[in-house]
Amino acid sequence: MAEIRSLRDAVADLIHDGDTVAMEGFTHLIPFAAAHEIIRQGITDLTLVRMTPDVIYDQLIGMGVARRLVFSWGGNPGVGSLHRFRDAVENGWPRPLELDEHSHAGMANRYVAGASRLPFAVLRGYRGSDLPKRSSTIATVTCPFTGEELAAVAAVNPDVTVIHAQRADRAGNVQLWGLVGVQKEAALAADRVLVTVEEIVDELEPMPDAVVLPGWTVSAVAHVPNGAHPSYAAGYSVRDNDFYQAWDPISRDREAFLAWMREHVLEAS
Amino acid sequence: MSATRAEICVAACAEAWRGDGEVLAAAMGTCSILGARLARLTFEPGLLTTDGGAMLTAEPVPFGAPAGPAEGWMPFRDHLWLVQNGRRHVMMGASQIDRFGNTNISAVGAWDRPKSQLLGVRGAPGNTICNPTSYWIPKHSTRVFVPKVDMVSGVGYDRAAELGPVASRFHGLRRVVTDLGVFDFGTPDGAMRLVSTHPGVTVEEVAAATGFDLVIDGDVPETRQPTDEELRLIREVLDPRSLRDREVRT
Numbered sequence: 000m001a002e003i004r005s006l007r008d009a010v011a012d013l014i015h016d017g018d019t020v021a022m023e024g025f026t027h028l029i030p031f032a033a034a035h036e037i038i039r040q041g042i043t044d045l046t047l048v049r050m051t052p053d054v055i056y057d058q059l060i061g062m063g064v065a066r067r068l069v070f071s072w073g074g075n076p077g078v079g080s081l082h083r084f085r086d087a088v089e090n091g092w093p094r095p096l097e098l099d100e101h102s103h104a105g106m107a108n109r110y111v112a113g114a115s116r117l118p119f120a121v122l123r124g125y126r127g128s129d130l131p132k133r134s135s136t137i138a139t140v141t142c143p144f145t146g147e148e149l150a151a152v153a154a155v156n157p158d159v160t161v162i163h164a165q166r167a168d169r170a171g172n173v174q175l176w177g178l179v180g181v182q183k184e185a186a187l188a189a190d191r192v193l194v195t196v197e198e199i200v201d202e203l204e205p206m207p208d209a210v211v212l213p214g215w216t217v218s219a220v221a222h223v224p225n226g227a228h229p230s231y232a233a234g235y236s237v238r239d240n241d242f243y244q245a246w247d248p249i250s251r252d253r254e255a256f257l258a259w260m261r262e263h264v265l266e267a268s
Numbered sequence: 000m001s002a003t004r005a006e007i008c009v010a011a012c013a014e015a016w017r018g019d020g021e022v023l024a025a026a027m028g029t030c031s032i033l034g035a036r037l038a039r040l041t042f043e044p045g046l047l048t049t050d051g052g053a054m055l056t057a058e059p060v061p062f063g064a065p066a067g068p069a070e071g072w073m074p075f076r077d078h079l080w081l082v083q084n085g086r087r088h089v090m091m092g093a094s095q096i097d098r099f100g101n102t103n104i105s106a107v108g109a110w111d112r113p114k115s116q117l118l119g120v121r122g123a124p125g126n127t128i129c130n131p132t133s134y135w136i137p138k139h140s141t142r143v144f145v146p147k148v149d150m151v152s153g154v155g156y157d158r159a160a161e162l163g164p165v166a167s168r169f170h171g172l173r174r175v176v177t178d179l180g181v182f183d184f185g186t187p188d189g190a191m192r193l194v195s196t197h198p199g200v201t202v203e204e205v206a207a208a209t210g211f212d213l214v215i216d217g218d219v220p221e222t223r224q225p226t227d228e229e230l231r232l233i234r235e236v237l238d239p240r241s242l243r244d245r246e247v248r249t
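Residue numbers (numbering that gives the first Met the number 0), protein chains in the order written: chain A, 0 to 268; chain B, 0 to 249.
Derived from the structure by calculation, the hints contain no laboratory data. Keep in mind it's a predicted model, so treat the numbers as computed, not measured. Please note that the accuracy of each hint is not assured.
Output of the computed footprint for chain A on chain B, the stretches with three or more beta carbons under 8 angstroms from beta carbons of chain A [said to hold, decoys possible]:
no., stretch
1, 61 to 75
2, 123 to 135
3, 143 to 152
4, 160 to 169
Note that beta-carbon positions come from the ideal geometry of N, C-alpha and C, so glycine has one too.
Whenever a hint applies, use it, and build me the whole structure from the sequences.
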């Protein structure tokens, strides 16, 4: 059964230097508050996994907590580049960032394999592209039934998966809905799972298309209303589009970035 | 009515889906998204189009508008399934494209220390091997149309041929639409061919903005003008805020 804990204690107990950490959530339910807590606690040398690293990983990478990034698309949605991500890859600032680049389908299937406790997943994509040459987690496999050669991608089993959800009950059962990405797969693939939620309720009411993570798949739930800001939680908040625009000039400049992080993350509680 | 360059591009993008029937028209970029919805409103009513997110809309909606009534729901995982299944024709962007339609959206320069880290390959390796794929490139230049891409994210005809007939059986690059013209790969070796130039653009201008030799078969026609009805749909229904003109300047 999942424990209900403070975000600070949950992060301190579950996430350690050198861990592989997946933070998922697509368009909404992006776990910003938990990422900020990781930064405040000075946890470092992480391998960060995320299908679509956006502003949340720009912040983590710019603060130097990551040594490696596993991803398929990195950008500021609707705005443009991630300047901290680019600075790390192009100039090694504040430290070099190793990349393991995959396609979207490859990433999703890597989580599915991880969640299924299988060593790899099979897909048709990748063949003919340059990715297999550049990643040790892409290979080919021959189908035992048809003889066709297909791409194999190594399973991802994060040490910790972190997600944000709309609500949990007091036993730590988690429910999320709206645009759902690969949160379920990433959570089931991980050794430890931290979920921040908008609300803790006595009973979870069924919702159409909701994903439910039973409490036994979750290590800790932390009550963090608005913990996905500047992204949103459908039914609870709206996307702060102005923030995504504002992030472009803030993140373009190293000093402006550091000043922003000091004021809004390091010195915030 | 006389059309702007952006409106000619929207109609040219729409043409990429002609004859596709009931497939998902996945589009990236303003003129491409407008083109998919325009095709559905006119000559290709079976197309499935989205609100730009996970909603399959009952009717093509104006650019950036809420989905309204939905006829389906296609969250990320289902979308990826559809890619494998192939009932999808995607029109993507490209930071670099070469003579055989290999594209790069990953990184420019050396792999280990790129001069320019781009967004990442996203769906390109799977899209090009599993689905019909077209490209929309709003600014045709020798920076984009290069002799050899720095990193193959999307697979072109030479790479597909190397894979052999089995692995490449779902590969198919349909069209490339740019602000200067329309291109395809209808040549024996799959090299890029100039299909038409947009009104006011010469073949020489296109060749000068292209960093490799295009196949040019005889007299190259002009890209068709949008019809009056298409212009009305673009201007009054799909894009009343004229976002298309920000992507392609007249």
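Taking 8 angstroms as the Cβ threshold, is the statement that the stretch 61 to 75 of chain B is covered by chain A upheld or broken by the three-residue rule? holds (count 3)
For the stretch 160 to 169 of chain B, does the count of residues with a C-beta closer than 8 angstroms to a C-beta of chain A reach 3? Per the Cβ count (6), the hint holds.
Assertion that chain A covers the stretch 143 to 152 of chain B - criterion: three or more residues, beta-carbon distance below 8 angstroms: Satisfied; 3 residues make the cut.
Would you say the stretch 123 to 135 of chain B counts as covered by chain A, given the rule of at least 3 residues with C-beta under 8 angstroms? Contact hint for the stretch 123 to 135 of chain B vs chain A: holds, 7 residues under 8 angstroms.
Taken one by one, the earlier hints all hold for this structure without exception.
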